Structures are given as C-alpha cells and as structure tokens.
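Chemist: So the chains spell out like this:
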Amino acid sequence: MIKKVFMRLIYFVKNDVRYFFKKINSMFRNKIDQYQRAKLQLEDAKIQIDPELERKIDNKELPILSLKNVTITFGSGKKVFKAVDDVSLDIYKGETFSLVGESGSGKTTIGKAIVRINPLTSGEIIYKGRRISGKLSKYEDRFVIRNIQMIFQDPAASLNERATIDYIVSEGIYNFKLYENEKERVRKTEEALISVGLLPEHLTRYPHEFSGGQRQRIGIARSIIMEPQFIVADEPISALDVSIRAQVLNLLKKFQIERGITYLFIAHDLSVVRFISDRIGVIYKGKIVELAESEELFSYPLHPYTISLMSAIPIPDPILEKNKKLIVYDPSIHDYSEEKPRLREIRKGHFILANSKEFIEYQKKLESINTNQA
Amino acid sequence: MDKERKVVLSLKNLEVKFNVRARILRAIRNVSLDIYEGQSIAIVGESGSGKSVLTKTFTGMLEENGRITNGEIWFEGQDLAKLQTNKEWQSIRGNKIATVFQDPMTSLNPIKTIGSQISEVIMLHQGKSPSEAKEIAINLIKRVGIANAQKRFYDYPFQYSGGMRQRIVIAIALACLPKILVCDEPTTALDVTIQAQIIDLIKDLQKEYGFTTIYITHDLGVVANVADTVAVMYAGQIVEIGTVEEIFYNPKHPYTWALLSSMPQLSERGTELYTIHGTPPSLYNEVKGDAFAPRNPYAMKIDFVEEPPFFKVSETHYAKTWLLDPRAPKVEPPKAIQNLHKKLSSKLGVNDR
Ligand SMILES: Nc1ncnc2c1ncn2[C@@H]1O[C@H](COP(=O)(O)OP(=O)(O)OP(=O)(O)O)[C@@H](O)[C@H]1O
Ligand SMILES: Nc1ncnc2c1ncn2[C@@H]1O[C@H](COP(=O)(O)OP(=O)(O)OP(=O)(O)O)[C@@H](O)[C@H]1O
Ligand SMILES: [Mg+2]
Ligand SMILES: [Mg+2]
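Chains A and B are the protein sequences, given in the same order.
Take the first sequence: its letters are residues 1 to 374, numbered as in the numbering used here.
Take the second sequence: its letters are residues 1 to 353, numbered as in the numbering used here.
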C-alpha cells in the first residue's frame, strides 16, 4: 500500500519535472527562434525589388522569370554531354508554363537549374530582374529558396526516410524561421498537410508508411508551406490517382488564383498538360522545338516531334486506344547541313525551331490547316 | 472468366494488416481473385486503396511491419501465404514473379553500374557466364529503347534520367523471364512516346513468352491499352471486376463511376476538375457497410449497415454494390460518363489528323 502511494507520488513528480523541462525547453526554443527570425528578416530586407519593376511584372509586361541562352553540360573533357542546349524562355507571373518532351530531354535539369541545384555552363537565369544563377551571397541564396520551390519528380528519393512527416514538411519554415512560435509552426504544418488531402494524424509517421501517391503529396506540402511565388513542379501528379490528381491540380490552381503563384510545370501526361497550361514548350534533346499557347499547340502542332508526341497520348477508351496509330519521329528528316535552325515565331506567340526552308514549309502547312477548317 | 484458361495465381480471402506503433491498419480486407495464364489485368483505384500491398503479398515484398493475417495465395501448387523466410521466397521473388516498381531509385543500387546490375540478374536467373550475360544485358538495354547501349552499360544510375532508370528496371525484371510480371506504375515517370514504346515492348514480350502481367496504374489511357481485365479497388477491397470494355462502357459500382468521371479528358478548360468528395475511410477502424457509402451520392440506407456481396453482371463482370440488388431503385451512371466512347471520339477528334 505504502509502496503504491509512493510510486504514485514519484509518478506525479516525474511528470511535473518532465512538464517543467518541456515548458522551459519550448520557451527557450521560442526565444532562439525569435532571435534568429529577427536576424533573418533584417538580412532579407537587403533585397528590395523596385516597385516599378514589380508593377510591370504584375501586369505581365515583363516576365517574372527568364532563362537566357541557358546551356547545361555534364561530364568533362571528351565525355561532355549537353543536357540543355541554349534554351531561352520567358515565364510570366501567374501563368502555368509547361515543359513537355521525351525522357532525358533536359526538363528536370532545367528545373533544378532554376532552384540552383544544377550550375549553368553558360547563360543566365533572371528572377524579378535579379540574376539568380552563378555565385550568390547567402541572403540572395535564401531569397531564391524562399521565392522558388521545387516539387521533385522522385517522391521517395527526395524524402528523408528517417525523418517524421512533421519534420519533413516543416523543415523549410524551420530553417528560415518562418513562424512566430511553436504553435504557429504546428498550425502551418497541419494546414499544409490538410491542403494536400492528408491528415494531421500523419505527422508522426515516416515516409515508408505511405503509399506512392501519399508520398508525392508530402513532397507538395513541404513546398507550399514556404508560400513561394514560383513553383517548379516536376511530375507532381504522375503517381497520383485520377481523383487526387484532380484535387491537387485544383489546389495548385487555387493557390495560383489566391496568391498569384507562377508554375513551371513538368509533366508527361499531355492530357493533363493541355487542360492546365497557359503555354507549353516542347523540348527535344535539350532544345525547345516548339512553343505556343496550349490550345494553339494542340490545334496546330507543326514540328514533327510535337506531332509524334501527341499521337502517343493515351486515350482512356479501349476502342480508340487499341486502334491508335503512333507517329514516330525521325530526327534525320531535318537537313541542317547548310543552315542551322533557330526558334522563329510563325504566328503570334507560336514559335518553332526551323531553318528558313523548313519555316516556309511550316507556314504552308499552317495555311492549309486553316483553309481546311474554314 | 474463360473456363478453358488456366489459373496461375489464386488469392482466397486475403487479409493484410500492418502494425503502426501499436495500432493495427487493415490494408487488405478479404480479397479473392483468380488470375489466368497470359492474362493482362489492370488494378486501378484510389491512392492508398491497397493495390501495391495486394501485389506485395505474392511477391514476398511486404514490409516487416505487415503480415498476411488470413487467406491463401495459390501459385504452382504452393500456398505463398505460408512462406516466411527470405530463403523460402528466393525461388519465387524476382524469379517466377518479378516486379517493376513505381520508383526506379528504390530498385537500383546507386553505387553499381547499370550494366553490372542487369548482368548479375541474368547470371543468377539464367545461369549465364559473365560475358554471355553482358551481351544479353546490352541487348536488353537496347530493347528498352536506350541509345548507345554499349557505352551506357558502364554508367551509374545517377547518370540516367528518371525515365531511363525506369526502363532499366524493366530490363532487369525481364532478364529473369518471369511467369508473372507485376508492373507497379511502370510508366508514370516516362514521357508518352517512351511509355507507348515500353507498353508495346511488354506486350510483345508477353506474346513471345506467354507470361501474365499485372498492371497497377492510375492512367486510364494505359489501362485501356494494356488490359483485358480490370479490377477496381477501394479501401482494401476489390469492388468491381470485368473486361476492360465492361468497366469503361458499362461500369456498375459508384466508385468506378466516380473514377471514370475524374478523367481530365472529360473536363472543359478553365473549369474545376471533377473530384470525389471526402476522404477514404481510415483503415485503422472497422469499416461498416459499404466503405464508399459516405462519399457515394447514390448511397442507400443499407450501405451504411451491411457490406454488399458481389453481384454478377455477366460471366466476366462482378460488382460489389447494393445498387445491383433487385430491390434497389434503378439509377443511371452519371451523365458525364454515359456514351463514353462517343464523347471521347468527338472530343479528341481534333487530334486525328
Ligand atoms: N548529374 C548528372 N550527371 C550526368 N548526366 C546527367 C545528370 N543529370 C542528368 N543527366 C543527363 O542529362 C539528360 C537530361 O536529364 P533530365 O533528368 O533533365 O531529363 P528529363 O527531361 O527530366 O527526363 P525524364 O522525363 O526521364 O525525367 C539525361 O541524358 C541524363 O542522363
Ligand atoms: N509498411 C507500411 N506500414 C504501414 N502502413 C502501410 C505500409 N504500407 C502501406 N501501408 C498503408 O496501406 C494502405 C495501402 O497502401 P498501398 O501502398 O497498397 O496503396 P496503393 O493503392 O498502392 O496507393 P498508391 O496508388 O498511392 O500507390 C495505405 O493506407 C498505406 O498507408
Ligand atoms: Mg525528369
Ligand atoms: Mg502503390
């Protein structure tokens, strides 16, 4: 009996002590957090975007992000491999720009260059008038991370298997102290999780305890929690079932409308790309071969690679799909021995990689499609 | 099902549970399924519905915290549900039943060359010498559509793009000449052209070697292409199964209706995509009645009380919904998916040129 009471007492004391330490700990942590937060804010204030420039970007007079003659190579000496070959692109605020193209064409490499994982071999990347490629100071680097987030293609490989979902999702805001106190951190983390269709109860779980689609959504949650302005979404929906895919797409759209987020969207599912993109760039072996507004591209595909790509889109109908004819692209049809191709505008906003001879043929083709439809 | 055909794999009343920190998650709830020789079956269904776990039960890949708590898995006269040790699995896993996973990185060793990884499998499963294995490996690399196979043989996984890695994983799976090939999201990381090529490749090899394929995919276009049979899963159960035509043109289960309605091809630009309201039930709790009932606009009282049995629609078509009970009111599938073939033909007609 006495023993029992004694044990009880110990139990209470133990709990009290534990509670006490927890409290101190969290007070302490909050103080450190607040201090670091203030320091970071001070540094972040060093980056001022000219309001006039901001206005022009908001009005889509100027692009929010530009790639200027970006070339990225891997390897060295004789084994140099050009993954991205002189790509120039302008992406405007609030739009969804999609990159499509075959596997290995350099889409991910471009995305990773924007978030500064892949260094450029030549060319530059401009975000809100500032160069964000090449060497940057620490606070400039942070500016990029806070503004531009990437949702990675390989959901399992990009999640730390030993960390809890709580840690994984809040890592970014933790590193940059983007919260007032622990309570707000938890709130933000839970909100991010809920917004991708997961539950707060998932916070204590580990990545391997989730299905493929759930892991992909964890990847999305950890990006959006940073409230970035620009998101590189690399195949963000490929492992999702159609309904969650629709949820995630609606969600990305909602963020876009509410916060004016701009997306560089990388996806191979052209049926989705058609639906969500404002503009689409078709890339083949590191080069943009065609670029146009979404409906324009789907209605008037001109480059033979684009046509081949479209012929391969899976159709969710057994009869149509089983009778579908694939058109194979043969790059040897281009004769560039005399004149090299460049990206030319064939119709407002519709660009195509061609030399002068090809360009004339494409023009003829475009005319004939038009007269056929009239 | 065709009575003449031979069953290669038979799942009976299968149940799988996971231990998650002192809680029990019931991932597979009483699933029975016969898979036939040479069949090409697609398993579709919501994320987390148990597609991967179901196939892991017969590939011996269930994680350590998971176990088969009930049921049988018959394959070549053996009940795989009884296998315990890795050693017992060895003759089956990756040999007679091979898997291509959705995540290529998890199946490749990052510090070994691609070539050595394929050769190893060939030496192990086909008993070839290193030089023979190398030749076969290079051939396989070529067959999955990677140029410069001779040179690429010596590259490491990180030097390949996402899609190329996936093709290598397929090459490795094929190197074992399996009886059953499980493709878990085999082409999600691939662009449409390569995807079409890979699918054709798998179909060709299937014809050549006569193996059975089980596809897990979210892409209904891929399903339409590869599958002769489609099984629809929801919350750890198969809720509808039929030929691919029956599932697309005459679906019976409200979840299948919702799934088909979510296709982006059926939406208009600038509108919201169709989504299924609510979330699937937590598998930690006992599911009462029809698991889909809380999200089902056609749910009846009984759906919340009693689990529906399978109702027969045709010799090949079964659905687990009370709507097929003779006493149920007659309801039509949603407008969006009626006359699906006609709708898609006219909608996608622009691409025909
Ligand atoms: N770190 C690296 N070292 C060497 N080569 C690389 C590296 N990263 C990418 N590559 C090569 O660069 C090319 C482009 O790769 P990238 O990952 O950008 O392709 P992708 O267009 O994203 O393809 P996918 O659709 O398959 O993901 C590929 O040929 C790839 O092998
Ligand atoms: N090792 C594990 N521990 C705990 N729970 C698990 C484990 N593996 C899977 N689960 C759970 O089992 C359920 C079924 O998972 P499974 O991976 O089969 O889903 P899926 O249908 O393949 O989904 P997706 O389409 O997203 O890949 C999910 O709720 C998942 O969270
Ligand atoms: Mg990629
Ligand atoms: Mg899965």
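There may be inaccurate statements among the hints.
As the list claims (entries may be wrong) - Cross-link-like lysine to any residue pairs, in silico, SDA-like; alpha carbons within 25 Å at most:
(1) A/K287 / B/N148
(2) B/K112 / B/D200
(3) B/K142 / A/K253
(4) A/K287 / B/K312
(5) B/K288 / B/G270
(6) B/K288 / B/T69
(7) B/K312 / B/P334
(8) B/K288 / B/S267
(9) B/K112 / A/T109
(10) A/K322 / B/H341
(11) A/K322 / B/S91
(12) A/K285 / B/K288
(13) A/K253 / B/F304
(14) A/K324 / B/N148
(15) A/K93 / A/G75
Don't read these hints as lab results, they were simulated from the structure.
Just so you know, these numbers come straight off a predicted model, no measurement behind them.
Chemist: All the hints need checking, so say for each whether the structure fits it.
Modeler: Consistency of the hints with the structure:
Among the hinted pairs, A/K287 with B/N148 is consistent with the structure: their alpha-carbon atoms are about 20 Å apart, no more than 25 Å. Proposed proximity of B/K112 and B/D200 is contradicted: the alpha carbons are some 29 Å apart, above 25 Å. With a C-alpha separation of about 40 Å, the suggested pair B/K142 and A/K253 falls outside the 25 Å cut-off, and the hint is violated. Restraint check for A/K287 and B/K312: not satisfied, since their Cα atoms lie roughly 54 Å apart, outside the 25 Å limit.
Taken as a hint, the B/K288 and B/G270 pair is broken in the structure, with Cα atoms around 38 Å apart against an allowance of 25 Å. With a CA separation close to 20 Å, the supplied pair B/K288 and B/T69 stays within the 25 Å bound. A hinted pair counts as satisfied when its Cα atoms are at most 25 Å apart, and B/K312 with B/P334 qualifies at roughly 21 Å. With a C-alpha separation of about 34 Å, the suggested pair B/K288 and B/S267 falls outside the 25 Å cut-off, and the hint is violated.
About 23 Å separates the Cα atoms of B/K112 and A/T109, which keeps this hinted pair within 25 Å; it holds. Restraint check for A/K322 and B/H341: the C-alpha separation of about 13 Å stays at or below 25 Å, so the hint holds. Only pairs whose Cα atoms come within 25 Å are accepted, and A/K322 paired with B/S91 is rejected, the gap being roughly 36 Å. Pair hint A/K285 plus B/K288 does not hold up; C-alpha atoms about 54 Å apart against a cutoff of 25 Å.
The straight-line distance between the Cα atoms of A/K253 and B/F304 is roughly 35 Å, outside the 25 Å bound, and the hint therefore fails. Among the hinted pairs, A/K324 with B/N148 is inconsistent with the structure: their alpha-carbon atoms are about 29 Å apart, more than 25 Å. With a C-alpha separation of about 34 Å, the suggested pairing of A/K93 with A/G75 is violated against the 25 Å cut-off.
Checked against the numbered hints given earlier, this structure breaks hints 2, 3, 4, 5, 8, 11, 12, 13, 14 and 15; the rest are met.
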